[in-house]
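Now for the letters of each chain:
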Amino acid sequence: MAAPNQPAVLAANVSRHHKMGATVVRALDGVSLEVARGEFVALLGSSGSGKSTLLNLIGGLDRPTSGTVTVMGRELAQMASGELAAYRRNTVGMVFQAFNLVPTMTLAENVELPMRFAEVPRDERGGLVRSALARVGLGERAGHRPSELSGGEQQRGSIARALVNQPVLLLADEPTGNLDSRTGAEIMDLMKALNREGMTIVLVTHERAIADRYATRHIFLSDGRLSDRPVLSGTAEVAP
Amino acid sequence: MMAYDMLELAGRNLKESKLRNMLTTAGIAVGVASLVALLSLGIGLQAWANRNLNRSGIFETVAVFSKRDFMSFDSDERRSEKTKSNENAQPLDAAARNEIAKLPNVVEVYPEMRFQTEVVFEGHSQFSTVAGLPLSARGSDAFDDAQGRFFSGPEADEVVLQEDFAKRISPNAPLLGKQVTLRYAERSATDAGTQEQGFTVLRREKTFTIVGIVKQEPYGGWRNFARGRLFIPVNVAEKMNVLQPSALRDAVSAGAKPTYISLLVRVGNPKDAQAVQEAIKKMGFTTWSALDASKGMRRFFLALDLFLIIFGSLGVAVASLGIINTLVMAILERRREIGIMKAIGASDADVKRLFFAEAAAMGLAGGAFGVALGWAIGRVINLGTNWWFARQDLPPENFWLVPWWLVAAAIVMAVIVSLVSGLYPAARAAKLDPVQALRYE
Ligand SMILES: Nc1ncnc2c1ncn2[C@@H]1O[C@H](COP(=O)(O)OP(=O)(O)OP(=O)(O)O)[C@@H](O)[C@H]1O
Ligand SMILES: [Mg+2]
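Just so you know, the sequences run in chain order A and B.
All the letters of the first sequence, read from the start, carry residue numbers 1 to 240 under the UniProt record's numbering.
All the letters of the second sequence, read from the start, carry residue numbers 1 to 441 under the UniProt record's numbering.
For the record, the hints were derived by calculation from the structure and aren't laboratory data.
Every value quoted in this text rests on a predicted model; they were computed, and no experiment measured them.
Any given hint could be a false lead.
Stated by the list, open to error - Keeping only pairs whose Cα atoms sit at most 20 Å apart, straight-line, the calculated SDA-like set for lysine to any residue is:
1) 19/A / 437/B
2) 352/B / 82/A
3) 167/B / 181/B
4) 431/B / 86/A
5) 431/B / 79/A
6) 18/B / 103/A
7) 431/B / 80/A
8) 15/B / 104/A
9) 15/B / 103/A
10) 215/B / 172/B
11) 431/B / 18/A
12) 431/B / 65/A
13) 206/B / 243/B
14) 239/B / 94/B
15) 431/B / 77/A
16) 18/B / 105/A
17) 178/B / 164/B
18) 15/B / 143/A
19) 431/B / 83/A
20) 239/B / 108/B
21) 15/B / 364/B
22) 295/B / 54/B
23) 295/B / 50/B
24) 431/B / 81/A
25) 15/B / 146/A
26) 167/B / 145/B
27) 352/B / 119/A
Let the sequences and hints guide you as you build the complete structure.
Here you go:
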C-alpha cells in the first residue's frame with residue numbers, strides 16, 4: 001500500500017462550492033492540510049465554517065469542486081463511484097453527531113451492516129460483531145434496538161460499527177454534540193484509547209476544551225478557509 | 001453485496017411497512033388474476049371449440065367432387081382460364097376412388113351415400129333420407145349420448161335412426177331391436193352384363209334391424225345435402241346400388257361408367273388433411289375440407305386472445321403504478337437509512353439492487369397469488385356456467401383452461417413488470433446524496 005512516512009490524509013487546495021441560483025456558497029475554499037499517521041487532529045471552527053464539508057470530502061461522501069484529497073496515498077478524485085464506496089467501507093470509519101444507527105435493526109445488526117456491503121463471509125461476522133461491541137463496552141446490549149439505548153450507548157454502538165471493517169482512519173463529526181459532558185467524556189476517552197492503539201483520528205468539534213484535552217493537533221477553519229489562530233468571534237467557541 | 005444479504009435486507013424492508021407492501025402486492029395479484037382469468041377463458045374456449053371440431057371428424061375429412069359438378073370452391077380458381085371448360089373433366093369413378101385410396105395417409109375412401117327411400121315400419125310407410133356411415137363414424141361425438149349401439153360390422157343389415165324421426169314413426173313404443181323395411185330403386189346391369197351399355201331400374205326391398213338412436217347426424221363430411229334420418233353402414237348402402245341422380249348423366253354420356261357425386265376421404269390425422277387435399281387436387285378433382293373454413297376460426301381466436309391480453313394488461317399497468325408509488329414512498333421514508341448505508345460503504349449499485357430485490361419480491365408474490373386468484377376466478381366462472389347449463393338441460397363443458405405455460409408466463413411477467421416499475425425508484429434511491437440525507441435529524 002502506501003509508504004510508511006506517507007501522510008494519512010493530504011488535502012491540496014480543496015474547494016467545495018455550492019451553486020445557489022446566481023450566488024455561489026463557498027463551503028470550503030482552497031484548504032490544504034496534512035494529517036500524519038497516528039495523529040489525533042481536532043478540526044475547529046464556528047458553525048458554518050466548513051468543518052463537516054471537509055470531513056465529508058475526506059470520508060469520500062462528497063467530491064470537491066476543485067483540489068485533491070489523498071488518503072493513504074490514494075487520490076479520491078480518481079476513484080469511480082464504486083471504488084469510492086469500497087474506500088468508505090474499508091479505509092475509513094465515520095461517526096456522526098446524530099449517531100445514525102438504523103432504528104429498525106438491533107445493535108448487532110447495525111454493526112453487521114458494513115460487513116454485508118464488504119462481503120465479509122457470514123460465518124466470520126458473528127465473532128467480529130461481538131469483539132467490536134466488547135471493545136466499546138456494549139457486549140451485553142447486542143440484541144437491543146437503538147431506541148432502547150441511551151445516547152452514549154448509541155454513540156459507542158456507532159463507533160463499533162465504524163470500526164468493524166478495521167479502517168485506518170476514523171472520522172468523527174461532533175460525536176459528543178448530542179451528549180452531556182460526562183457521557184461525552186466517556187466517548188472521548190474511548191476515542192483516545194483507539195488513537196493510542198494506532199488509529200488516525202480526525203475529530204470535528206466546536207468545543208475548544210475537548211480539542212485541547214484529547215487532540216494532538218488543532219486545525220482552525222473560518223469561512224471555508226484555514227486560519228492560524230482561533231477566531232474569537234462566534235458563540236460556539238470557548239477560549240482556553 | 002452478496003445475494004443472500006441483499007434478499008435479507010430487502011425482506012426486512014418489506015416487513016417494515018407490511019401493510020403498504022401487502023396492499024401493493026395485492027394490487028399486482030389482482031392485475032395478474034384478471035389477466036390469467038381472461039386468458040384462461042380465451043384459451044379454454046379455443047380448446048373447447050377445437051376439441052368439438054376434432055371429435056366431429058371434420059378436420060379428418062376431405063370431400064372430393066368431379067369438376068363436372070363443381071369447378072372449384074375457391075373463387076380465384078373458378079375465375080381462372082384453366083377451369084373454364086368442364087366437358088372433359090376427370091370422372092369421379094371407381095378407378096379414381098382406388099387411386100385416391102392409395103394416397104399416403106388416407107385411411108378410407110367412401111362415397112357419399114344419401115338417397116330417398118320409402119321407409120316401412122309396422123305397416124305405415126313414409127319417404128325419408130338414408131345416409132351411409134363408415135365404421136369410423138363410431139368415434140363421432142354424435143354417438144356420445146346415443147341409445148343402443150353402433151353397427152356390429154361393415155356389412156350388417158342394421159340401421160341407426162335419428163331421434164326426431166324415431167319419435168315420428170313410434171312416439172311411445174321402444175324401437176331398438178325392431179325391423180324397418182326400405183323400398184328403393186336399384187340400378188341394375190342390363191342383360192348385356194355391364195353397366196357401360198346402360199342399366200335397368202328395379203324396385204327392391206331390404207329389411208334392417210334398428211340398433212341405435214342418435215340425436216343428430218354424425219359428421220360424415222359433406223352435409224349440405226339433405227340431412228339423413230336413417231343411417232346404415234356405407235358398404236351396405238353401396239351394395240344396394242341405389243339409383244342416384246348422377247345415373248341419368250352416366251346413361252347419356254357415351255361409354256360412361258358409373259360415377260360418384262362425391263367421395264369422402266378420411267385421413268388418419270388432421271395434420272395430413274392438407275397434403276392429401278393437395279394431392280387429390282392435382283389428380284384433377286375439386287376438393288373441400290374444413291381446414292379452409294377453420295383458418296378464419298383460428299384468426300378469430302387470435303384476435304380474441306389479443307383483445308383479452310390488452311384488457312387484462314390494464315390491471316397489470318395499474319398495479320405497476322402501485323409499485324412505483326410504494327417504492328418512491330419508501331425512498332422518502334428511508335432517506336436517512338439510505339444515507340447511512342452509503343456512508344458505511346454501500347455502493348450506488350447496492351442501493352439500486354436492494355430496491356430491485358424489493359420490487360421483484362413483490363412481483364413474485366403478486367404473480368403467484370394472482371395466478372392462484374385467476375385460477376379460482378376461472379373456476380368460479382366455469383362452475384357458474386355449468387350450473388346454468390345444467391338448468392338448461394345441457395351437458396357440462398369445460399370452457400376454462402390454465403395451461404402451465406400461462407402460470408409460468410404470468411409469474412415471469414409480474415416479476416418483469418415489477419422490475420421495470422422499480423427502474424425509476426431504484427435509480428432515484430441510488431442517486432441520493434448521502435451528505436444531504438444525513439444532514440440533520
Ligand atoms: N448543499 C449545500 N448547499 C448550499 N450550501 C451548503 C450546502 N452544504 C453546506 N452548505 C454551506 O456550507 C457552509 C459550511 O457548512 P458545514 O456543514 O461544513 O459547516 P460546519 O462547519 O460543519 O457547521 P456546524 O458546526 O454547524 O456543523 C455553510 O454555510 C452551509 O450553509
Ligand atoms: Mg457540521
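Do the hints match the structure? See the list:
1. 19/A / 437/B: Between residue 19/A and residue 437/B the Cα gap is close to 18 Å, so the pair holds against 20 Å.
2. 352/B / 82/A: This hinted pair holds, its Cα atoms lying about 12 Å apart.
3. 167/B / 181/B: Cα-Cα ~17 Å, so holds.
4. 431/B / 86/A: This hinted pair holds, its Cα atoms lying about 17 Å apart.
5. 431/B / 79/A: Status holds; Cα separation ~17 Å.
6. 18/B / 103/A: Status holds; Cα separation ~16 Å.
7. 431/B / 80/A: Roughly 14 Å separates the two Cα atoms, so the pair holds.
8. 15/B / 104/A: holds, 10 Å
9. 15/B / 103/A: The hint holds at about 14 Å.
10. 215/B / 172/B: holds, 17 Å
11. 431/B / 18/A: It holds: about 18 Å lies between the C-alpha atoms, which stays within 20 Å.
12. 431/B / 65/A: Holds - the C-alpha atoms of residue 65/A and residue 431/B are around 18 Å apart, at most 20 Å.
13. 206/B / 243/B: holds, 15 Å
14. 239/B / 94/B: holds, 13 Å
15. 431/B / 77/A: Satisfied, since the Cα-Cα distance of roughly 18 Å is no more than 20 Å.
16. 18/B / 105/A: holds, 16 Å
17. 178/B / 164/B: Roughly 17 Å separates the two Cα atoms, so the pair holds.
18. 15/B / 143/A: holds, 19 Å
19. 431/B / 83/A: holds, 16 Å
20. 239/B / 108/B: holds, 17 Å
21. 15/B / 364/B: holds, 15 Å
22. 295/B / 54/B: holds, 14 Å
23. 295/B / 50/B: With Cα atoms ~12 Å apart, residue 295/B and residue 50/B stay inside 20 Å; holds.
24. 431/B / 81/A: holds, 11 Å
25. 15/B / 146/A: Between residue 15/B and residue 146/A the Cα gap is close to 18 Å, so the pair holds against 20 Å.
26. 167/B / 145/B: Distance of about 16 Å is within 20 Å: holds.
27. 352/B / 119/A: holds, 17 Å
In summary, this structure violates none of the numbered hints.
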